[in-house]
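Undergrad: Listed here are the chains, written in short residue letters.
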Amino acid sequence: MKIEESTNTIISEFEIFDDWMDKYNYLIELGKSLPLIDEKFKIESNLIQGCQSRVWLHAEFDGTNVHFTADSDAVITKGIANLLIRAFSDHTPQEILDSSSDFLNEIGLTQHLSPTRSNGMLSMIKQIKMYALAFKAKQAMGS
Amino acid sequence: MNSIPGNPDLSFDLEKIRADFPILSRKVHNKPLVYFDNAATTQKPQVVIDTLVEYYSGMNSNVHRGVHYLSVEATSAFEGAREKVRAFVNASSTEEIIFTRGCTEAINLIANSWGGDNINSGDEILISAIEHHSNLVPWQMLCEVRHAKLIVCPVLADGSIDLEVLAGLMSSKTRLLAITHISNTLGTINPVKEITKLAHEKGIVVLIDGAQAMSHLKVNVRDIGCDFYTFSAHKVYGPMGIGGLYGKKDILTAMRPYQGGGEMIKNVTFEKTTFNDLPYKFEAGTPNVSGALGFGAALDYISRIGLDRISAWENELLRYATERFSADPLIKIIGNAPQKSSLISFLIGNIHPYDAGTIIDQFGIAVRTGTHCTQPLMNSLGIPGTIRASFAFYNTKEEIDRLMEAIVKVEELFL
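Protein sequences, first through last, are from chains A and B. Residues in the first sequence are numbered from 1 upward in steps of one, following my numbering. Residues in the second sequence are numbered from 1001 upward in steps of one, following my numbering.
These are calculated hints, taken from the structure and not from any lab test. Hints are not guaranteed to be accurate.
Unchecked claim - With a straight-line Cα cutoff of 25 angstroms, these simulated BS3-like cross-link-like pairs (lysine-lysine) come out:
| no. | chain 1 | residue 1 | chain 2 | residue 2 |
| --- | --- | --- | --- | --- |
| 1 | B | 1197 | B | 1248 |
| 2 | B | 1266 | B | 1249 |
| 3 | B | 1409 | A | 32 |
| 4 | B | 1248 | B | 1084 |
| 5 | A | 23 | B | 1409 |
| 6 | B | 1193 | B | 1248 |
| 7 | B | 1027 | B | 1409 |
| 8 | A | 23 | B | 1031 |
| 9 | A | 23 | B | 1027 |
| 10 | B | 1218 | B | 1084 |
| 11 | B | 1193 | B | 1173 |
| 12 | A | 40 | A | 126 |
| 13 | B | 1332 | A | 32 |
Please take these sequences and the hints and turn them into a complete structure.
TA: So this is what it looks like as structure tokens:
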């Protein structure tokens, strides 16, 4: 599935909720169902700066696709991480670099969470793109 | 009218007070705002807002040294504000009141100006474990430059300070004790008069960080006996960007200026500058005149209501909130000092404060979550932060009930 298809699915999932409490409820469910990260990746160097809660993001590259896993000590943040992983994980570095994170605006996440809080989210996106860039460079060197 | 159990004389018309604060009638997430972030900043009464607007609409001009009418008028209003601050904290003279950008700058001024001349290699600066970063980082920086040592007095499990432990840490090397009057995180009210006495017996200079205290209790610097007392206007219903310090005249006189520039000089030649007298020696550049006037208006406003009335109602709000929180077995209150100001730091089960705060916000309730600029304290308590509800005299018990409803929703969602 293309990144755009995943993000369109996420947008349509959020469209059915009228009220923000329901959206949060869904984010919390997503947070609770985020696939577990291997404990050995919950290390200082995988910590994302700029969020009130602690967020770990780990990336692996199989030569074609980048695979992301994440965790946080806050459930809502885990829910956001789940959305980002659904959108960006298991895609090529180039696909990730070409994609847009506008879907978060469309579901209202960036407007609804205050800047200090969305900073954590924006930092996660930035980190995902950084990994993609690094793996792309690695790919270019390998070929 | 609010109701003060056992002391009806201290009651006031709460509805009328709330009407003085225009922001309290706004809605957040389509719900009436409940503002419980007063320890971060207090809301402003209309009279303070009007003062700022009136200054810029009718009086704006640069103060001091001007001979024209507006400058004389603005100078007189500015110095009038200084006199209001002096009277409010009961300093001996306006020479002892220095305006700064806020409490943080006041502490930095003392660290740079007094600290630079009085802290030497091997000396010790004593602080407590509940200090705000503003009363910690400037001393850490000073210690680094002067090769001095920062000594931290631990706090008891309830968030209060054991005076014997504190006195035990005052050594022959201790030059300064810098301690908060009220903890912004736990609400602990420190017995600053006793603490000052203990320090002075050992010849230690005392700085009290009054940022949290000035809006809640009557501050009397001469009664406390401290050498420095620092404060911010925005935490006392005044504007942001203005605050100041009280310093004993003899100490301030001996101190070198903090910044150089206009206003703080007497004579300038390319060879030598002589500095102005107190308090102007420490006020380089054009001061925040509108801010000072707004600060004065805020102090007038709360003085009219009376700090005894204000603290009686805030204590009642604290009592009520503590009672309601304690009835919920999932809520853990962090900080239970016997003398406590009107704020509650708490955790709900093992729910992350960020998660709780995000949902509480959906109810139109402003609380603060995180480490409250006291990261070392949070680390020593072994918690990621807290949710903090801090009350002001314009808050109501119904608002506390609304917070409880939000907390119940948080519990439903996360547990």
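Undergrad: Is the Cα-Cα distance between residue 1332/B and residue 32/A 25 angstroms or less?
TA: Within the cut-off at roughly 23 angstroms; holds.
Undergrad: Given the hint that residue 23/A pairs with residue 1031/B, test it: the Cα-Cα distance must not exceed 25 angstroms.
TA: With Cα atoms ~18 angstroms apart, residue 23/A and residue 1031/B stay inside 25 angstroms; holds.
Undergrad: Run the distance test for residue 1409/B versus residue 32/A: straight-line Cα separation, threshold 25 angstroms.
TA: Holds, because 17 angstroms separates the two Cα atoms, which is no more than 25 angstroms.
Undergrad: Given the proposed pairing of residue 23/A with residue 1409/B, does the C-alpha separation stay at or below 25 angstroms?
TA: 14 angstroms, holds
Undergrad: Holds or violated: residue 1193/B and residue 1173/B, Cα atoms, limit 25 angstroms.
TA: Given pair residue 1193/B, residue 1173/B holds - Cα atoms ~22 angstroms apart, limit 25 angstroms.
Undergrad: Within a Cα-Cα threshold of 25 angstroms, do residue 23/A and residue 1027/B meet the stated pairing?
TA: 21 angstroms, holds
Undergrad: Would you mind confirming whether the straight-line C-alpha gap from residue 1027/B to residue 1409/B stays at or under 25 angstroms?
TA: 20 angstroms, holds
Undergrad: Has the given pair, residue 40/A with residue 126/A, been kept, meaning a C-alpha gap of at most 25 angstroms?
TA: It holds: about 23 angstroms lies between the C-alpha atoms, which stays within 25 angstroms.
Undergrad: Holds or violated: residue 1218/B with residue 1084/B, Cα cutoff 25 angstroms?
TA: Satisfied, since the Cα-Cα distance of roughly 14 angstroms is no more than 25 angstroms.
Undergrad: Residue 1197/B and residue 1248/B were given as a pair; does the straight-line alpha-carbon distance stay at or below 25 angstroms?
TA: 15 angstroms, holds
Undergrad: Taking 25 angstroms as the top limit, are the C-alpha atoms of residue 1266/B and residue 1249/B close enough?
TA: 19 angstroms, holds
Undergrad: Verify the proposed pairing of residue 1248/B with residue 1084/B, using a straight-line Cα cut of 25 angstroms.
TA: Holds, at about 17 angstroms.
Every hint from the earlier list agrees with this structure, and none is contradicted.
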